[in-house]
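K.L.:
Next come the chains, spelled out residue by residue.
Protein chains: 2
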Amino acid sequence: MDAEFVVPGFDAAGIVAGIKKSGAPDLTLIVSRIPCRAAAAFTKNAFPAAPVQYDRRLLSLNPTAIHGVVINSGCANACTGVPGDANARLMAEAVERALGANDNSVFVMSTGVIGVQLPMDKLTQGIPQAVDQLRPDGWADAAQAIMTTDTRPKLVTRSAEIDGQTVRLTGIAKGAGMIHPDMATMLSCIATDAAISQPLLQQALSAAVERSYNCISIDGDTSTNDTVLLLANGLAGNPEITSTGPAYDAFLAVLTEIATELAQAIVRDGEGVTKFVTIHVHGAKSAEEAHRAANTIATSPLVKTAFFGNDANWGRILAAVGRAGITVEPARCALFITGGASAADRGPELQLVAGGTPLPYAESEAAARFAQPELDVRVDLGLGDGEATVWTCDLSHDYVSINGDYRS
Amino acid sequence: MDAEFVVPGFDAAGIVAGIKKSGAPDLTLIVSRIPCRAAAAFTKNAFPAAPVQYDRRLLSLNPTAIHGVVINSGCANACTGVPGDANARLMAEAVERALGANDNSVFVMSTGVIGVQLPMDKLTQGIPQAVDQLRPDGWADAAQAIMTTDTRPKLVTRSAEIDGQTVRLTGIAKGAGMIHPDMATMLSCIATDAAISQPLLQQALSAAVERSYNCISIDGDTSTNDTVLLLANGLAGNPEITSTGPAYDAFLAVLTEIATELAQAIVRDGEGVTKFVTIHVHGAKSAEEAHRAANTIATSPLVKTAFFGNDANWGRILAAVGRAGITVEPARCALFITGGASAADRGPELQLVAGGTPLPYAESEAAARFAQPELDVRVDLGLGDGEATVWTCDLSHDYVSINGDYRS
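Keeping their order, the protein sequence lines are chains A and B.
Positions 5 to 412 (the numbering used here) are the ones given, in order, by the first sequence.
Positions 5 to 412 (the numbering used here) are the ones given, in order, by the second sequence.
Calculated from the structure, these hints are not laboratory results.
Mixed in with the good hints there might be a few duds.
[What the hints assert, rightly or not] So, partial list: chain B residues that the calculated Cβ filter (under 8 Å) puts toward chain A:
{"hint": "1", "residue": "49"}
{"hint": "2", "residue": "84"}
{"hint": "3", "residue": "322"}
{"hint": "4", "residue": "326"}
[Unchecked claim] Subject to a maximum C-alpha distance of 27 Å in a straight line, what follows is the list of computed BS3-like cross-link-like pairs (lysine-lysine):
{"hint": "5", "chain 1": "A", "residue 1": "289", "chain 2": "B", "residue 2": "48"}
{"hint": "6", "chain 1": "A", "residue 1": "25", "chain 2": "A", "residue 2": "126"}
{"hint": "7", "chain 1": "B", "residue 1": "289", "chain 2": "B", "residue 2": "126"}
{"hint": "8", "chain 1": "B", "residue 1": "289", "chain 2": "A", "residue 2": "48"}
{"hint": "9", "chain 1": "B", "residue 1": "126", "chain 2": "B", "residue 2": "24"}
Glycine is no exception: its CB is placed at the ideal position from the N, C-alpha and C atoms.
Please construct the entire structure, taking both the sequences and the accompanying hints into account.
P.N.:
Dropping the structure here:
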């Protein structure tokens, strides 16, 4: 059944290298048989982990002849000083040697406990084993081995017709943002056989990340290790995309689609999450102000505990908008909610607020929507054309338990 | 015993007006027998409640001949549109009439449920009763009647010698920030007999608020109703403070002291709070950057759940600093913790991080400090002279319960 995830020219593997005490898979390889182009988006945290620093340098040094990426879970190689930098490099070099690939052709990602050095003996033993396991349908193993506290692997595939050729994209991801304890790392890697120039590959990734990974908000925490990597080997045979236009737009659309599904999967699998919430703000003075309002709602613990408690507490939502630091005219604000069992199954929308004051809605109708596993909150600021969507979750008892007790 | 709180020329009262369903006291008056000077600090939320809008206008209209303030709990008069504005005015006028005071001489504060109109019949009946109860030692009743979900009243008094005269200050406060459900209102009123010009009274209040109420952070939520009011009637007989200098400095010092004790009392009484945490950041490029770092640590759910779980998870603290948007050089960062049973009883400091990497400290030593009810976290950024202190609390199961279930 893994055949559906195959991207021509790419092999994947996930094995047990013994880094995790649990004995679960913890070493992932994704490799292109021919040199491929790479694009990446990295954490903006001022304490970037060693692998992030290594990858930033590699991307500027060699963005066009990459062979793949090695990812370990169980140890984040963050806050590890000079030895950590050396270990990130040694990890990449071990893969380059095992593949018989050129120097400076392999990216590195790490996730797990911080402040601890990588167990290099286990990695140097595990890497040749992982290379042996590489196969076109190894994606499920790859998705499994990057998990830390995720409850299920996140693996998505998509295809699109571009200039008459079928282009394939397959991606994996692991948990993000506030959901995850200990540095809360979000890692993702997407491979595609599309033919596209490296500058446009990076442009497309940056645009897609802005509309997917950067639109999920668990609690505003960004990790030291967050990385999204996109590899493109060109084997689809489409005429190389070298400028913006219909082909680029088609690629961007499908890339945004797969990135959005992976990002949403991260929220849905958040620790302690009982509810998937879509916050849509429109009518703002600008898209940036809309995003700031949506993000402030999505990160407010008062709002998130109300989501958990099935409490249609619209006052907390308006108060969050009010402190977002954006232009607001209370008398123009409207607030609507919709709930449903799934993304495809939404009930009718209910307006709670008009002109900044509450409407005489039935509390039971509002509570019924808040009780659904999927909830949409729509805020109309009534001022301009700016809009933004953020996906988030509730704040539950389990979240406190998991994050309070993690290391004990 | 209430005699210690008396401020010459001020009377206070707190009664049951029937606004709260519980039958608890819900109407407070603080009145000066002679016209007094007023200064205030208001919420920056873009949805200010009707009483906040009323008070802003009153302060600009008449900052020097004020008679007092009326405060109700149980209904916030927020998001109530035009009728809400009228009701705030009617509430002030009812007090002015009952006192026989001039128009535009009484401030209004409200806290409680939002989106609901004030029960004006109960207020107009209650206000004359409250006026009847006014007495110099009525402060404990006043502090009681402004409570919503606070578990105990917050009432503090201080005195200072200024130019050979004893100046007295007494203040009350109720819960703030993220701690409290439904709009999380922070209200405070301080009365003093100091003689000080109105511009300097406002200058002193703004400076004191910056170093007290603005340094408590529960979760970054600011309410629609937050108000701090300072009334000064000049009866202490000190030479009127009309310029900065030693007398102003002495007044500012005692005002900052009482404001800090009230602000810290709010954090200590937070819902579900098991720990009082002091975050001190120094070595930043500027005081503003230090405050932003301290605030980011104090509002991170990952950090706050670690406080709750007695988990010395320094990685989360550094990661919060790293996303604060300030200048950071990881190799210069140091992190220290101290714990104790009370503010006066701190154990020895333990350094966890030097040069951005963990020291080989004993986990049991760190956990013992995190297990104390009072915890100090000190971050040295090693870059400059900027420093800031923020007081905060942990994020517990009870917090989720209280805020998730509040209206159900």
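K.L.:
Is residue 289 of chain A within 27 Å of residue 48 of chain B, Cα to Cα?
P.N.:
With Cα atoms ~19 Å apart, residue 289 of chain A and residue 48 of chain B stay inside 27 Å; holds.
K.L.:
Would you mind confirming whether the straight-line C-alpha gap from residue 289 of chain B to residue 48 of chain A stays at or under 27 Å?
P.N.:
holds (19 Å)
K.L.:
Would the stated hint for residue 49 of chain B survive a check requiring a Cβ distance to chain A of less than 8 Å?
P.N.:
holds (4 Å)
K.L.:
Hint check: residue 126 of chain B vs residue 24 of chain B, CA-CA at most 27 Å. Holds or violated?
P.N.:
Satisfied, since the Cα-Cα distance of roughly 10 Å is no more than 27 Å.
K.L.:
For residue 289 of chain B and residue 126 of chain B, compute the direct alpha-carbon distance and say whether it is at most 27 Å.
P.N.:
violated (54 Å)
K.L.:
Given residue 84 of chain B was flagged as interface, is its beta-carbon under 8 Å from a beta-carbon of chain A?
P.N.:
Where the cut-off is 8 Å and the nearest Cβ of chain A is about 6 Å from residue 84 of chain B, the hint holds.
K.L.:
Does the alpha-carbon distance linking residue 25 of chain A and residue 126 of chain A stay inside the 27 Å limit?
P.N.:
holds (12 Å)
K.L.:
Checking hints one by one. Is residue 322 of chain B an interface residue toward chain A, by the C-beta closer than 8 Å rule?
P.N.:
holds (5 Å)
K.L.:
Using Cβ atoms only, decide whether residue 326 of chain B comes closer than 8 Å to chain A, and label the hint accordingly.
P.N.:
Holds: closest Cβ of chain A sits about 4 Å from residue 326 of chain B, inside 8 Å.
Hint violations for this structure: number 7 only, all remaining hints satisfied.
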